[in-house]
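Residue numbers for the sequence shown follow the working numbering, so the first one is 1 and each next one is one higher.
Certain hints may be false.
[Said to hold, decoys possible] SDA-like, lysine to any residue: derived pairs with alpha carbons at most 25 Å apart:
(1) Lys686 - Ala477
(2) Lys303 - Thr16
(3) Lys686 - Thr608
Note that these hints are calculated values from the structure, not bench results.
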Amino acid sequence: MRPRVRSSFPYPADRTDVRVPLPDGTLLYARIWRPLTDEPVPALLEYDPGRLTDGTAPRDAQRHPWYAGHGYASVRVDPRGRGNSQGLPHRRTDAGDAAAVVAWLGAQPWCTGRIGMTGLGPGGDTALRAAALSAEAAPALAAVVAVGAHDGHDAYGGADGPGGGGGRVAHDRGSGGFAPPLTAGAAALAAAAAPPDPRYAGDAWPDLWARRLAALDAGDPAGPEDAGTPLAYDAVRVPVLAVAGWHDPRRDTVLRLLERLPRHLVRGVLGPWPCRYPDRGEPPGPAIGFLQETLRWWDHHLKGLRTGVMDEPLLRSWTRGWRGDDTWPPPHVTPVTYALQGGPAPVRSPLHTGLDAGRFAPSGGDADLPPDQRAEDALSACFDVAVPSGGPPVEVLGHPVVRLAVRADGPAARITVRLCDVAPDGTSVLVARGTATGASGTHAVRCGASGHAFPPGHRIRVAVSSAYWPWVWPLPAPGAPAPGDTRARGPAAGAHGTRAAAPSGDPGGTPPGGFTLDPAGCSLLLPVRAPAPHDATVGFPGPEQAPPLGVGVPAMLGAPDGDRPPLLVVRDVARGVWRLEADACSGEHGSVRAYPDGLELTERAVETYEIDEGAGPLSARMRAEWHMRWHRPDLDPPWHAAVEVRAEAGYDTDGLLVRTELVCTGTVGEGADGGDEVLLHRTWEKHLPRP
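Between the sequences and the hints, there should be enough to build the whole structure, so can you do that?
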């Protein structure tokens, strides 16, 4: 369902750009949409690192004017060292800086002194941590809406994120155990190096950019991204509406907040969305009227109106429709154990197993979500549980847990579990997953939070593999090759509905990290939900937004990336090499954008993951390239700047070697004639322990 565009509102509004002073004198760039009224109004703050004049401008244009039209001053601020703000960025100062912005807003004569904070992803992280500031630090803050936020209490966003599930990998971010954070680091570096826009920053833009680049030159971007301090649950003092999609790797945060915060301080919504605001209409959907729902939240907490929002169930979630649960965990969710049947099942998956995992943080792209899992299932040991045709669906809400009795081929096994919904025609839909690394023994692999209904006549499949590239780095080979017939190809038939994982075609030895499962010690524990009284009352209006910004997407004749698919898997049959190529700029506005204010922005980003079945696990390589170019033909002289980041990671003799290169160029100074000056060219190398 695409959002309805609304152009008529209760209040007319205007837009003003201002600079907000921090206590240390740093000026932050802010954009305020304010209703035209003589009465003071509450304010809403979105404090997001995504550059308000270009990066998030299309999204902002459809949200902030909508709130202003309903009687709120809606404010978007570039954090310290981002966009057109002064200073140097540091995630750990964001909540304190946001509190200073809250205080400034509360002191404005047009404001009632009641402030709400909202945000998506990193902006949600900041809003969530601001909710835990003391009343002395942020006295005007009255409520928070955090979408896709991360509380910092798991390894990288959830049990089904790279390395989740409680094994060694789950706690090994710093060792480079996961490929996605390394590629995400390239994107983060490109964003941190982006220049201010002279149209908004004025003549100070070269100095602002030079200071940022000098700080980057002295830093270490090859390390893991700083996600900020973990949230102190007992310090949260203002009500939090925690929202995420079932396809958002940070969704577990919503359930932790529901479990740890008192009822008067929290409500949660989990729906069928990627890492986007729920009114965007991105697949799989359906979208909801999220702006209308948050207006109820703000009207209650900032204006004192009786909207009924705190009478809603503690959690509203989507399985095969909207459901309502008034406690977490709810009493009508019962753990049901299913024994996994069959004989011993060898699991020695080819190294390219995992190429159909989908993107780690889906954002609505055509190829973001995992495709049909039949190809992955054929490379895994599979155990099926039938859902009776004549009975009700098996509705799951919570964390599935798979208990596995493992006999490892070597010192350690790398275990990936996928929970799939298999239709009568064989279509296999990924529902949840988890990973762990460990020696022989029994492992309880906890999958990410899931809301799903397995229909009658379908099968609940547990698929277990010993590889999941590129989400998890493959386990390096032990000193001696594991025994077995490594030249066999295709799945081997197992007993009693079990299928063994296909071995790799590697003539040099069985893939390392393999193991054998003993089904007698294996089981699936599902949190099965029964119907509840609140189910019939849960619903949302259809999505609506303010008119779009009007960003143009020029046709680029002969552009080299014009026909690039969003996700491409290439198999080099002769060499035995598998390569996955992902275009990170294949979203709504493409890679070339023309803004109404005259800015032309070109952005290209390609992530490549490669593994050679014949060469073994040490052949795993990832590369990420980000190219961003800003051009202003409307200025005299015309202005342009560019940032290029290249990052590569792979095994070396001691562990993982990460190389990062940053090149920043631009036109600086009076009378620039269009020639680019190299302002920074820096390379970093970092050795990380072998995962």
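Consistency of the hints with the structure:
no., hint, verdict
1, Lys686 - Ala477, "holds (23 Å)"
2, Lys303 - Thr16, "holds (23 Å)"
3, Lys686 - Thr608, "holds (20 Å)"
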